[in-house]
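Q: So the chains spell out like this:
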Amino acid sequence: MKLGEIAEIINGRIEGDRDIDITGPGKIESAEAHQITFLANPRYEKYFSDTKAGCVIVSEDFNPKNPSVKISVIRVKDPYSSFLRLIEIFEVNDDEMESGISDKSDIHSDTVIGENVYAGSNVCIQKGCNIGNSTKIYPNTFIGRNSVIGKNCKIHPNVTIYKNTEIGDNVIIHSGTVIGSDGFGFAKQGDSSYKKIPQTGKVVIENDVEIGSNTSIDRATIGETRICRGVKLDNQIQIAHNVVIGEDTVIAAQVGIAGSTKIGKRCMIGGQSGLVGHIELCDDVIIGAAVGVSKSIMEPGIYTGYRVRPYREDLKTEARIKNLDKLEERLKKLETSGK
Amino acid sequence: MKLGEIAEIINGRIEGDRDIDITGPGKIESAEAHQITFLANPRYEKYFSDTKAGCVIVSEDFNPKNPSVKISVIRVKDPYSSFLRLIEIFEVNDDEMESGISDKSDIHSDTVIGENVYAGSNVCIQKGCNIGNSTKIYPNTFIGRNSVIGKNCKIHPNVTIYKNTEIGDNVIIHSGTVIGSDGFGFAKQGDSSYKKIPQTGKVVIENDVEIGSNTSIDRATIGETRICRGVKLDNQIQIAHNVVIGEDTVIAAQVGIAGSTKIGKRCMIGGQSGLVGHIELCDDVIIGAAVGVSKSIMEPGIYTGYRVRPYREDLKTEARIKNLDKLEERLKKLETSGK
Amino acid sequence: MKLGEIAEIINGRIEGDRDIDITGPGKIESAEAHQITFLANPRYEKYFSDTKAGCVIVSEDFNPKNPSVKISVIRVKDPYSSFLRLIEIFEVNDDEMESGISDKSDIHSDTVIGENVYAGSNVCIQKGCNIGNSTKIYPNTFIGRNSVIGKNCKIHPNVTIYKNTEIGDNVIIHSGTVIGSDGFGFAKQGDSSYKKIPQTGKVVIENDVEIGSNTSIDRATIGETRICRGVKLDNQIQIAHNVVIGEDTVIAAQVGIAGSTKIGKRCMIGGQSGLVGHIELCDDVIIGAAVGVSKSIMEPGIYTGYRVRPYREDLKTEARIKNLDKLEERLKKLETSGK
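Protein chains in written order, with my numbering: chain A, 1 to 339; chain B, 1001 to 1339; chain C, 2001 to 2339.
None of these hints come from the bench; they were simulated from the model. One should not assume that every hint holds.
[Stated by the list, open to error] Pairs of lysine to aspartate or glutamate residues, derived as EDC-like cross-links and limited to a Cα-Cα distance of at most 16 angstroms, are as follows:
(1) K1322(B) x E313(A)
(2) K2196(C) x E328(A)
(3) K2316(C) x E328(A)
(4) K326(A) x E1329(B)
(5) K1326(B) x E328(A)
[Stated by the list, open to error] Sample of chain B residues lacking proximity to chain C, with all beta carbon distances greater than 12 angstroms (derived):
(6) E1008
(7) G1012
(8) I1014
(9) S1072
(10) V1112
(11) I1143
(12) I1172
(13) D1191
(14) E1224
(15) Q1236
(16) M1268
(17) G1292
(18) I1302
(19) E1328
(20) K1333
Ideal Cβ positions, reconstructed from N, Cα and C, are used throughout, including at glycine.
Looking at chain A on its own, in the form it has when it is part of the complex (with noise of 0.2 angstroms):
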């Protein structure tokens, strides 16, 4: 893409080259001469006057401290902003190469496939499915029987949606992640091994949704396992049986959440945190990372530690545990001066 059209694009005025290439974007310490960067935050302005990017777009008002460096620049009102937009548009570009039925692929005939829809070697989708117009399915991704797909969704390679699935509209689902696998549920008997308990239901997907790779998310035992409009998911987070997670949740990667555990809206959860089963989080409940929460939370606020605790809550007991040292030695004092 010329300069002149990304300035266009940005609403941004050229002190530069119209003509330069640009293929994409880059760091400003990184970038090449085909890329476009940003400068917004003061920190990284040391690279400005050495960066080899084709371009670097700058605030209205932007002074460089040596004014014979020569690279071209767009001035914007907001730096960071247009080089997202940048990003997105270059992004768009290149995920126009894949589209239409590979005839590698593994597509029963009693399925609807909606308008625009790319699936790609190797895909093979069972009977009964309706997959919406404009959604991607790359190659190598398995979607089992009667499963509903909506509209604009990107499934990545190696991807595995058991049957009865339902997907909402927007949703991104990274590689190896496994959708719909059966909840862990098993009945002891009398010999003290375990039966299993057959899980009929099933796993439903809202519009907006984003999934890291190689995560899990179990089909309801009877029911369902839900996941919310606008759900965040980072890789590798295991979702049992009959959970659900609120609107616009976001969870950091390694979270594990137990059997029909209930998660309120806006919540945040650090990597690797833990919440066992049959618990209830209230909406705007803030989980740091490696946390174990072994009951409901009912109180929005910022929860920590191995055992979870109100944040300042657990910093004083943390204080305490650290100062053990100097309580031990008042003691001795104590009992020095009493003899």
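On the provided structure of chain A, position chains B and C as indicated by the hints.
A: The following block gives chains B and C in isolation, referenced to the frame of chain A:
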């Protein structure tokens, strides 16, 4: 299935319409008219008068609080067991659909396939394998050479089974799981780099084992990694080389077990717990969630804590930490009174 | 392979039958007649008289306690090293079987495939890739467009490599692993929903790296996520966008590393540990298992604990917590004596 047939299967007495068509099980609070549900726990009785289910399985002596409710019921001795029996039946009917060897699979001519085996599209089975009767292998699953899989197994889509793996009868493996990847073994060299120690052993999985999604079980360095009869593994579990897991042991999601550790029979390990390598757990040990087990445990019982302790001891320690502020106050009082 | 050939390879002296056929290595306690084993650790000497192995590699000066045992031995300087050498040789022979480009693979015409490359069935390689000589790509693996893979690599089944990934020589990647999935980046909107920040960077994996099964390595937002030469990653590790891992660093299973964190050379990180984002570890840092690292570490050494501390300090704190009951008793004694 007609309600009349269902009543016969679970040996119950219908009060209502024998001709209702039931397509599957549902939860009492959300079931629809074509679903059957049950009532065992009195806590759920409040849903009885409003359920939209086609039928409720109740106990022989059940008396609705509101006798005017018009809904078909089936009376049985044990509603929960009868219901479990039904969901199994609906599940089996459902699974009859997959059968035969897909012409889009790639099965080596020098591999033995039993009777009534299902192999879906893009299934790849290498040379020298043996697949038992009535085993189902779902699309996009890979089975490496010289592996043996027993009868009646269910290997879900996108599973990877490396060469020389031995799997018994009635084993279920969920999607994304990897069996037989190399153990993590390297020899440090003089220049601080590492040299791979070839992992030439195998994985043996005995009868009646179920393994969740995205779990990893590494092959042994030499010898075998063994998952014994009846073990149930949840999702995203990591089992290192040469581990042995005893019969009827149950392990929850995201547990990690390091190399050569041996776990006894009938143990239960809570989610996100970790066991270091080269230790042993005797039979009937219960480990809580997120526990760090760094030494062998040779006494049955319950163990918890970031640094594993017997449960009661851990509780006491936890209480003492919680009361550190009071301890400090008492100390301050003594210091002041001593002046 | 005849025992005579083996003795030549490891430069040892046979006492016994040169013509025994050996098909692979075994453990001394469980090896069969067609397997070779070794004896280096005196703890295993008790198995010598009963082993069923075809041959035992022993040290030059080994004297069996029971001289009447009739078993072939090969005497060498260092039995363990000789044995490792042998299992490598058996492994290589074994792997010769996979070769050629399967006609069930789907490789874009505009991709460069080196000499002697293996690509199994259902392998999908998109446009613009470059696969180096003697690299093996196993069935059902996906490689996205414009990715470059070096020489002599082994990419196991069901691996996903997203577009623009760069992989060096002699890299091994195990099944279920995902390289280059989107980093977890979202911008919060006024209505509390999140907007995806496109992740346009890439993943670079240098020479001699090994990556276990079901591991996730996210692409950078801009720039790159980099795994340097000789790094060894175990199973189920999560590496977020823009992370850098230094040369010869070893990371055990289920570790999570958050965005933009930089790890030095020759570090070791124990299983299930977590590192927050935007921190740094200098060279030669050793982190224990299940450690929570929430700040940069700029001194080499060993660090442990739920809240990371230098190892010795952590041990002392732990001892103080264990002794809290005694502290309380001493306090009580003082209180009573003061009355």
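Q: Is K1322(B) within 16 angstroms of E313(A), Cα to Cα?
A: OK: K1322(B) and E313(A) at ~10 angstroms, within 16 angstroms.
Q: Does the claim that G1012(B) lies off the interface hold, with its Cβ farther than 12 angstroms from every Cβ of chain C?
A: Per Cβ check, G1012(B) is outside 12 angstroms of chain C; nearest 45 angstroms; holds.
Q: For I1143(B), is the shortest CB-to-CB distance to chain C above 12 angstroms, so the non-interface label stands?
A: violated, 9 angstroms
Q: For K2316(C) and E328(A), compute the direct alpha-carbon distance and say whether it is at most 16 angstroms.
A: holds, 13 angstroms
Q: Take a quick look at D1191(B) and tell me if its Cβ sits farther than 12 angstroms from every Cβ on chain C, holds or violated.
A: violated, 8 angstroms
Q: Would the least Cβ to Cβ distance between E1008(B) and chain C come out above 12 angstroms?
A: holds, 45 angstroms
Q: Beyond 12 angstroms from every chain C Cβ: check whether that's true for K1333(B).
A: For K1333(B), whose nearest Cβ neighbour in chain C is about 8 angstroms away, the distance does not exceed 12 angstroms, so it is violated.
Q: Verify that the Cβ of E1224(B) lies farther than 12 angstroms from every Cβ atom of chain C, and report whether the claim holds or is violated.
A: E1224(B) is in fact no farther than 12 angstroms from some Cβ atom of chain C, at 8 angstroms.
Q: Please check whether the beta-carbon of S1072(B) is more than 12 angstroms away from every beta-carbon in chain C.
A: holds, 44 angstroms
Q: Would the non-interface assignment of E1328(B) survive a Cβ cutoff of 12 angstroms against chain C?
A: violated, 10 angstroms
Q: K326(A) and E1329(B) were given as a pair; does the straight-line alpha-carbon distance stay at or below 16 angstroms?
A: holds, 14 angstroms
Q: Could you let me know if the closest chain C CB is still more than 12 angstroms away from the CB of M1268(B)?
A: Given that every Cβ of chain C is farther than 12 angstroms from that of M1268(B), nearest at about 19 angstroms, it holds.
Comparing the model with each numbered hint stated earlier shows that hints 2, 11, 13, 14, 15, 17, 19 and 20 do not hold.
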